[in-house]
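Undergrad: Let the hints inform the model, and build the full structure from the sequences given.
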Amino acid sequence: MKTALRVFPDVLIIVVRPVTELVAEQRYERQSGFFSIQTQGARMKPSWDIFCSVVDNYGDAGVTWRLARQLVAEHDVQVRLWIDDLAAFVRLCPDADPCASQQLREGVSVCRWPAEWVSTTVPDVVIEAFACRLPTPYTESMLQRSPRPLWLNLEYLSAEDWVSGCHGLPSPQMNGLKKFFFFPGFADTTGGLLRERNLIIQCQAFQQDKALQQAFLQELNVEPLAGARLISVFAYENPQLDSWLDALASDSRPTHLLVPEGRILADVQRWLGSEGQLHAGTVQASGALTVQVLPFIRQERYDQLLWSCDFNVVRGEDSFVRAQWAGRPMLWHIYQQEEDAHLPKLDAFLALYLAGLAPEAAQAVNHFWQSWNTGCDLSESWQALTGHWAQIEKHAERWCQQQAAQTDLATALVQFYKEAGH
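Read in order, the letters of the sequence shown correspond to residues 1 to 422 in the numbering used here.
Mixed in with the good hints there might be a few duds.
[To be verified] Pairs of lysine to any residue, SDA-like flavour, derived with a Cα cap of 25 Å:
#, residue 1, residue 2
1, Lys394, Gln363
2, Lys179, Val72
3, Lys394, Asp188
4, Lys179, Glu155
5, Lys45, Ala115
6, Lys394, Gln370
7, Lys179, Pro46
8, Lys179, Gln363
9, Lys210, Arg301
10, Lys394, Ala384
11, Lys45, Lys178
12, Lys345, Lys418
13, Lys418, Trp151
14, Lys179, Val54
15, Lys179, Thr120
16, Lys394, Ala358
17, Lys418, Glu196
18, Lys45, Met142
19, Lys345, Arg133
20, Lys179, Asp84
21, Lys210, Leu199
22, Lys179, Gln370
23, Lys45, Tyr138
24, Lys178, Asp124
25, Lys345, Ala358
Since the hints were derived computationally from the structure, they do not count as laboratory data. Being a predicted model, the structure only gives us computed values, none of them experimental.
TA: In structure tokens form, the structure reads like this:
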């Protein structure tokens, strides 16, 4: 229940009553609606719900959290982010309360997605992220709303050819609702990539300011040797990681490897021969290679880590996109699927990404990526890649600028909403 208080002649403040005042109603509506200060006579902000089911590895939560914040900050909409694993969310937003049913974080109303659904208001736009399946009572409420909300199924990122043909297509449901497929992608016929308005400018300013980079690295207690190649590694397990680390350790140029806490840490520990478990702050050297374990850091600082490094190994979807915005050479460890269904997705991206790169350099990048993702020895393919370093660096910058010229995902979503007549 809400109470309206007129404080100023033209301003109406909506106050949400305390939970204790609602007990008598025999229903807990802590997630019942959006709240904001609205100028009387002004158009209400569009309301959006984003549903996210955390499967593993924080990727789904990472994408939806970035999207929710950008919609609020740049498009003046109200957003509720429904998430079923707040413990995973806290890794991304350390200030969050893992026990709260609803909390306001960076302008986003972050709500626990309960196992037993509680009745709530239905917004103007509903985003079902990565086919997470909306609660049945919620879709029933969508049927009762007039006008009915725009229902979008935000799909996983893919560079495959068929994506452009399926982007924006309607999917009529048995209950009478209509859902639309929304595909992120790399072509202007898709929904684009997540990219904040000033991201590229911020990245370039950071990369041109050596003092700023040094200050950031010092905050992480990172002090690389002069002339060392700085590499970040955020990847899944890899049985052939030893062959790459051997190549780095025997290289004539020193390498400082930064490994945020994650799944690949066990493979690094095996190669180092460490008896104790590696943890944030661990620094060990072998030959020309220095390995340093970093804590799991929030998204904004991870962006800066990518901007600081000469080469980035990334995984999944969120870090994959952010590495491209860094404009630096990279490797994508794609999420493995049954029957190698992920490999055509890898091939499709490489076909796009390597276009315009000199044939020998493109072959070297392709060989290293394929070797990493198929469990092959990495030493020779890494050496071949480093032989074309200058070309690969320039190509990464060109690719970043090429993608940045397209409409970003959040803007594309808002445009789709407006064009739908809402």
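Undergrad: Go through the numbered hints given earlier and state which of them the structure violates, listing their numbers in rising order.
TA: The structure conflicts with hints 5, 8, 12, 22, although it agrees with all the remaining ones.
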